[in-house]
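Engineer: If you want the building blocks of each chain, they are given just below.
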Amino acid sequence: SPPSPGDTSVLAGIYGPAEVKGSKELPDRAALEVLLRPKVGLPGVIERSREQLLRRTCEAVVLGVLHPRTAITLVLQVLSDAGSLLSCCLNAACMGLLDAGLPLSSLFCGVTCALDPNGVIVLDPTTRQEQEARAILTFAIDSAERKVLTATTKGSCSVEEMQQCLAAAQRAADTVFQFYRDSVRRRYSKS
Amino acid sequence: MAAGRGVAAEACVGQVVLPGDVLLLPTQPDEDGERLRLGASAAPRGRLLCGPGLRRCAAGLLVTKCGLLRHRQAGGGAAAGGAYWVDSQQKRYVPVKGDHVIGIVTAKAGDVFKLDVGGSEQASLSYLAFEGATKRNRPNVQVVGDIIYGQFLVANKDMEPEMVCIDSSGRSSGMGLIGQDGFLFKVSLGLIRKLLAPKCEIIQELSQLYPFELVLGMNGRIWVKAKTVQQTLIIVNILEACEYMTAEQRKQALAKLSGN
Numbered sequence: 001s002p003p004s005p006g007d008t009s010v011l012a013g014i015y016g017p018a019e020v021k022g023s024k025e026l027p028d029r030a031a032l033e034v035l036l037r038p039k040v041g042l043p044g045v046i047e048r049s050r051e052q053l054l055r056r057t058c059e060a061v062v063l064g065v066l067h068p069r070t071a072i073t074l075v076l077q078v079l080s081d082a083g084s085l086l087s088c089c090l091n092a093a094c095m096g097l098l099d100a101g102l103p104l105s106s107l108f109c110g111v112t113c114a115l116d117p118n119g120v121i122v123l124d125p126t127t128r129q130e131q132e133a134r135a136i137l138t139f140a141i142d143s144a145e146r147k148v149l150t151a152t153t154k155g156s157c158s159v160e161e162m163q164q165c166l167a168a169a170q171r172a173a174d175t176v177f178q179f180y181r182d183s184v185r186r187r188y189s190k191s
Numbered sequence: 001m002a003a004g005r006g007v008a009a010e011a012c013v014g015q016v017v018l019p020g021d022v023l024l025l026p027t028q029p030d031e032d033g034e035r036l037r038l039g040a041s042a043a044p045r046g047r048l049l050c051g052p053g054l055r056r057c058a059a060g061l062l063v064t065k066c067g068l069l070r071h072r073q074a075g076g077g078a079a080a081g082g083a084y085w086v087d088s089q090q091k092r093y094v095p096v097k098g099d100h101v102i103g104i105v106t107a108k109a110g111d112v113f114k115l116d117v118g119g120s121e122q123a124s125l126s127y128l129a130f131e132g133a134t135k136r137n138r139p140n141v142q143v144v145g146d147i148i149y150g151q152f153l154v155a156n157k158d159m160e161p162e163m164v165c166i167d168s169s170g171r172s173s174g175m176g177l178i179g180q181d182g183f184l185f186k187v188s189l190g191l192i193r194k195l196l197a198p199k200c201e202i203i204q205e206l207s208q209l210y211p212f213e214l215v216l217g218m219n220g221r222i223w224v225k226a227k228t229v230q231q232t233l234i235i236v237n238i239l240e241a242c243e244y245m246t247a248e249q250r251k252q253a254l255a256k257l258s259g260n
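Protein sequences appear in the order of chains S and P.
Residues in the first sequence are numbered consecutively from 1, following the UniProt record's numbering.
Residues in the second sequence are numbered consecutively from 1, following the UniProt record's numbering.
Just chain P, with the same shape it has in the complex:
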């Protein structure tokens, strides 16, 4: 019944795609197997990066999540053929290697801490994975319920996720135990990605309102601390409401608050 099974991938960029849609990739002009490609005349196809929400199938790319299709052109030089991915909104976090997340300490089992990161499994964090930690100089994470900002070292579907609070050069670069006070709350993953975008107006506008400290975890968790409890709660309410407000509504709300 459904005849045209695939649509060209470039035609769908920026549009809504649904699971089950097949995206066709541009094929090489000369598919003749006989001719040998000598010299640099034929442009190399390069490796096409298949991002979240897409899987490779026989015909091309199969969409597995609903959302907007995005494309990034290849960077010059290397043979990368660009990347396609689907921007989807969801609340449930799935651990990905390299993501910076906020975890809550739930247990201490021997030499590792067990952290709740909002996924299907608890992540493990070795007490030596902090900057300047040795066997004698243990980090001050004693109380169950402390909050830690770290990144995933190991995160795939087959193994238990592992976190560390140092980067590859051994420095903490902002990771580690998050201090006392402040307020931790959960938002959707799409809002976090919007806040982490390079020029995010929301954070710039909020910083003109009150000074505050902010930690954003890719697992949907945000930690905020301002001078007083009232200011903290105001910032929390604005961040939660940002998901559904347009830019004008947000500017109006902030203008009303700064006028008070």
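Pulled out of the complex, with its shape left as it was, chain S reads as follows:
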């Protein structure tokens, strides 16, 4: 079903392995760069910090040693934001890397959990749920052993609550990975 106006959507474009400018060249692996463009306005500090987070997550899975002295550029354009933007960016980045044919050691997905004032865990919260929540946790889970690649928190929560959110996110990751598999199957069934 086509995305409705209330959904979060991000467009991802991957360029690489391509030529790299002299100063950014790494002798033993590929130099990965992430550019995140918000829907309106110029990219600010939040975009820069999210770019670094995405870059470190992607570097953990991309086999950069197979393409030394090259540059891989990942451009993400936010089309609409209705909540859980960071996990949407993570999913878009992973699908982009998968579609481009870059060598990956595993896949990853992003899941956002919101803790509302009563302690109830809400997965993939909307913007309104995010504003009312006591804490918002975003995890990047890898597909090999459901380990955590990245975790970022906004707000405060106890250690037990974080463990519960992590367990819920790991269960939810299965749905996302099944979606990846179905999408790839649909693509290769046409050839």
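Hints in this document: simulated from the structure, not taken from any laboratory.
Any given hint might turn out to be false.
Unchecked claim - Beyond 10 Å from chain S on every Cβ pair, some chain P residues (computed): (1) 50; (2) 126; (3) 167.
What the hints assert, rightly or not - Below, in silico cross-link-like pairs of lysine to aspartate or glutamate (EDC-like), each with a Cα-Cα straight-line distance of 20 Å or less: (4) 157(P) / 59(S); (5) 190(S) / 243(P); (6) 21(S) / 121(P); (7) 39(S) / 7(S); (8) 21(S) / 59(S); (9) 157(P) / 28(S); (10) 157(P) / 25(S); (11) 190(S) / 87(P); (12) 225(P) / 240(P); (13) 190(S) / 201(P); (14) 21(S) / 116(P); (15) 186(P) / 99(S); (16) 21(S) / 160(P); (17) 24(S) / 160(P).
A virtual CB, placed ideally from N, CA and C, is assigned to each residue, including glycine.
Place chain P on chain S using the hints.
Structural biologist: Structure of chain P alone, referenced to chain S:
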């Protein structure tokens, strides 16, 4: 959480695999280290070829690209254990030794030409690597922007790629400078592999439409030349559309064109 980490490789042949999947290879029946293998009773395991999209890991083979898993049985005689690889679709080319590609001359630096082959680095081509070229008899590649069909002599991740326009016996076998006129365009690598398959219907059907010259580069570049510009452009459009058309749609389009 994820308990069964590996799936048997034979079970996945012809199915979609994703990066992170581990494929288990069949192990020898008698793994007993004590027993010495005397005689030819135990079949040799042979060398299993790990093709594009796969890497060896502790348990077996790790998939690194998404696509369809393919397997080729071992040829008789030699101890090769067969080959596994992943058929994936991508647009970006990575130089591989032995691939025949179309390169565009971008610069001439001393005794070598610099060619753009669509990869991360430019390839170098010595002016002596043409059939019948000597220091006095230089090839006629003067204009920057000429198109050359050659193969990779050196292509790995650590070194600059080098191309030559002669094969190991010194003959050009179709390689070298591609003539004037014609049309050069880019398609995905999967389409090129489909066109280069042994019995490709697309090229046979097209040749019944108009006579034309065709050069296919493994880097996704195709050069076409037909008698008139209009015929050339028609062939270009059909080849570009072939990627997404089924066989029936293609036959319909060609029937419509040959009827005109």
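Engineer: Are the hints correct? Go through all of them and say.
Structural biologist: Against the structure, the hints come out as follows:
1. 50: The claim holds: residue 50(P) sits with its nearest Cβ about 13 Å from chain S, beyond 10 Å.
2. 126: Given a closest Cβ separation of 22 Å, the condition holds.
3. 167: holds, 28 Å
4. 157(P) / 59(S): holds, 18 Å
5. 190(S) / 243(P): Holds - the C-alpha atoms of residue 243(P) and residue 190(S) are around 10 Å apart, at most 20 Å.
6. 21(S) / 121(P): Distance ~12 Å between residue 21(S) and residue 121(P) Cα, so the pair holds.
7. 39(S) / 7(S): holds, 14 Å
8. 21(S) / 59(S): Holds - the C-alpha atoms of residue 59(S) and residue 21(S) are around 19 Å apart, at most 20 Å.
9. 157(P) / 28(S): holds, 10 Å
10. 157(P) / 25(S): Holds, at roughly 14 Å.
11. 190(S) / 87(P): Given pair residue 190(S), residue 87(P) holds - Cα atoms ~14 Å apart, limit 20 Å.
12. 225(P) / 240(P): Holds, at about 15 Å.
13. 190(S) / 201(P): Answer holds: residue 190(S) to residue 201(P) is near 17 Å, not above 20 Å.
14. 21(S) / 116(P): holds, 17 Å
15. 186(P) / 99(S): holds, 18 Å
16. 21(S) / 160(P): holds, 16 Å
17. 24(S) / 160(P): The hint holds at about 18 Å.
Violated hints for the displayed structure: none, as all numbered hints are satisfied.
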